[in-house]
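Engineer: Working from the sequences, and respecting the hints, build out all of it.
If you read the protein sequences in the order shown, they are chains A and B. The opening residue of the first sequence carries number 1 in the numbering used here; numbering runs sequentially from there. The opening residue of the second sequence carries number 1 in the numbering used here; numbering runs sequentially from there.
These are calculated hints, taken from the structure and not from any lab test. One should not assume that every hint holds.
Below are the DSBU-like pairs computed for lysine-lysine, each with C-alpha atoms no more than 35 angstroms apart in a straight line [said to hold, decoys possible]:
| hint | chain 1 | residue 1 | chain 2 | residue 2 |
| --- | --- | --- | --- | --- |
| 1 | B | K62 | A | K29 |
| 2 | B | K86 | A | K155 |
| 3 | B | K62 | A | K184 |
Here are the in silico distance ranges between beta carbons for each label pair [said to hold, decoys possible]:
| hint | chain 1 | residue 1 | chain 2 | residue 2 | range |
| --- | --- | --- | --- | --- | --- |
| 4 | A | A60 | B | R88 | 30 to 40 angstroms |
| 5 | B | E110 | A | Y51 | 17 to 27 angstroms |
| 6 | A | L82 | B | L72 | 54 to 64 angstroms |
| 7 | A | D37 | B | Q63 | 22 to 32 angstroms |
| 8 | B | L108 | A | L94 | 58 to 68 angstroms |
| 9 | A | K330 | B | G18 | 35 to 45 angstroms |
| 10 | A | R171 | B | D67 | 27 to 37 angstroms |
For each residue, glycine too, the CB sits at the ideal point set by N, CA and C.
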Amino acid sequence: MKDWIDRYLYAVGQKLPRLQREDIKKELKSIILDDLDERIANQKLQKGEDYEATEEDVFAILESFGSPDEVAAKYKPNNRYLIGPELYELYCLLLYIVLGAVALGISIATTIDILSSQGPFIEQLFKLPMNLISAAVSAVGSVTIIFALIQRFGKEEGIKGIDLNKNWSPRNLEPVPVSYEVIKMPDTIAAICFTIIALIIFNRFPHIIAMYNVSEGITSVTPIFNLDVLAGYMKYMNILWIGAVLLNIYKLKVGKWNTVLRLSEIVIDLGVLIIVLMMTGNPAILNPSIKDAAVGTEMEFLMKLGGIGTVSFRIFIAVILLFTVFEAAKHIYYSIKSH
Amino acid sequence: MSNLEEIVSNLTMELRRGTLVLCVLSQLEKEQYGYSLVQSLTERGMIIDQSTLYPLLRRLEKQGLLDSNWSLDESRPRRYYVLNEKGRRVLNSLIEEWTDMNNTITKLLETKNGDGDNERLD
Chain A
1 MKDWIDRYLY AVGQKLPRLQ REDIKKELKS IILDDLDERI ANQKLQKGED
51 YEATEEDVFA ILESFGSPDE VAAKYKPNNR YLIGPELYEL YCLLLYIVLG
101 AVALGISIAT TIDILSSQGP FIEQLFKLPM NLISAAVSAV GSVTIIFALI
151 QRFGKEEGIK GIDLNKNWSP RNLEPVPVSY EVIKMPDTIA AICFTIIALI
201 IFNRFPHIIA MYNVSEGITS VTPIFNLDVL AGYMKYMNIL WIGAVLLNIY
251 KLKVGKWNTV LRLSEIVIDL GVLIIVLMMT GNPAILNPSI KDAAVGTEME
301 FLMKLGGIGT VSFRIFIAVI LLFTVFEAAK HIYYSIKSH
Chain B
1 MSNLEEIVSN LTMELRRGTL VLCVLSQLEK EQYGYSLVQS LTERGMIIDQ
51 STLYPLLRRL EKQGLLDSNW SLDESRPRRY YVLNEKGRRV LNSLIEEWTD
101 MNNTITKLLE TKNGDGDNER LD
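Structural biologist: The following block contains the structure:
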């Protein structure tokens, strides 16, 4: 019968901090035995003096104490956090910063790697998400481990001192941004993604922007652009696109429009517009063999659409122009309004 | 258990949890060992889970509010706990806090706006 109690105490002891283990076990044992005595005394009152204690009595007592895990858990300190509330805010903040920096770094490094290597495009493109995921996992992992260690071994007072909200004052509250001042996160993230994709494709794989013509099982690929002429424009386009990526990352960080941001946005938009106009105004930008390749295919209508000076071309230019001017005007209007 | 009962039971548990230390300290003016303390609390209507009580006693001892010693005079060794000077001062402060709180809450519950003049809440 004692054996069950010893088993129980052993099971609890396994989960207890080593230093207090023996002491707690000794105390628990005396309490359990007290309880058992009381129960047996009660049983004798009910069932007569010759009642013999059974294993069931022991089980009843042990059940009333609860599972060894539960009992041991209650002896441990309350704050059993991986990362406690005092550290959590700082943890999240650092996590965003580290993740952002890692994502940016890996994106740039992988983009350069893709641009400078010669493998097939699709395979190369898979590198980016793969690299991003593994870098993100290790970044989250190391930040978490560092914080868990601070939580585990840091002095309680020290950790409380780290609390970001300790020096809070209502005087430092930011004004509530008016709706037109808020930078929309999804738009900005989409802009970053598309710009990076454009950077990769137009620089490293301009030949895949092509007319794909399948006839008799053979695919003939005719690039739309004259790659040499295109490269000449790309030098300038790259500056603007990289500028746009950096600007958008900065927009993510501040989350609110200001005059400098709006001006930078206008400058980049206008710059892109000018380059697009220059490109479309230069017939040499097109691959000379594209017209021949298009003849006799379902793509033939494209050639009619694309000719410089045609109505459809003018509409195309007008749309881009209007869009850019509208965006610029919007920025200028809001910029004035917010002052 | 219905949703309502569950909410009430959780909230009741939280209410009791807050008063546990006060209840335990109040019974330790004179030495008690684990089992006798459970008895004395239960007799007075405060039912406390044993697996909560004993760790609590150790915590209070660690905080310096209780003294403990193993008594070897009886049939089996028992650990006795008793209030020390610091514990007694803490207990007195807690009693004051409790009395204030009790008065405030009683007033709040008796009347709708706490000024003692209105009819009792339904």
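Engineer: Run every hint past the structure and note whether it holds.
Structural biologist: Evaluation of the provided hints:
1. B/K62 with A/K29: 21 angstroms, holds
2. B/K86 with A/K155: 24 angstroms, holds
3. B/K62 with A/K184: Since the Cα atoms of B/K62 and A/K184 sit roughly 53 angstroms apart, the hinted pair is violated (cutoff 35 angstroms).
4. A/A60 with B/R88: 30 to 40 angstroms: Holds - the Cβ-Cβ distance for A/A60 and B/R88, about 37 angstroms, lies within 30 to 40 angstroms.
5. B/E110 with A/Y51: 17 to 27 angstroms: 51 angstroms, violated
6. A/L82 with B/L72: 54 to 64 angstroms: This hint is violated: roughly 42 angstroms between Cβ atoms.
7. A/D37 with B/Q63: 22 to 32 angstroms: Holds, at about 31 angstroms.
8. B/L108 with A/L94: 58 to 68 angstroms: 44 angstroms, violated
9. A/K330 with B/G18: 35 to 45 angstroms: 57 angstroms, violated
10. A/R171 with B/D67: 27 to 37 angstroms: At 49 angstroms between Cβs, range violated.
Violated hints, listed in ascending order, are 3, 5, 6, 8, 9 and 10; each of the other numbered hints is respected by the structure.
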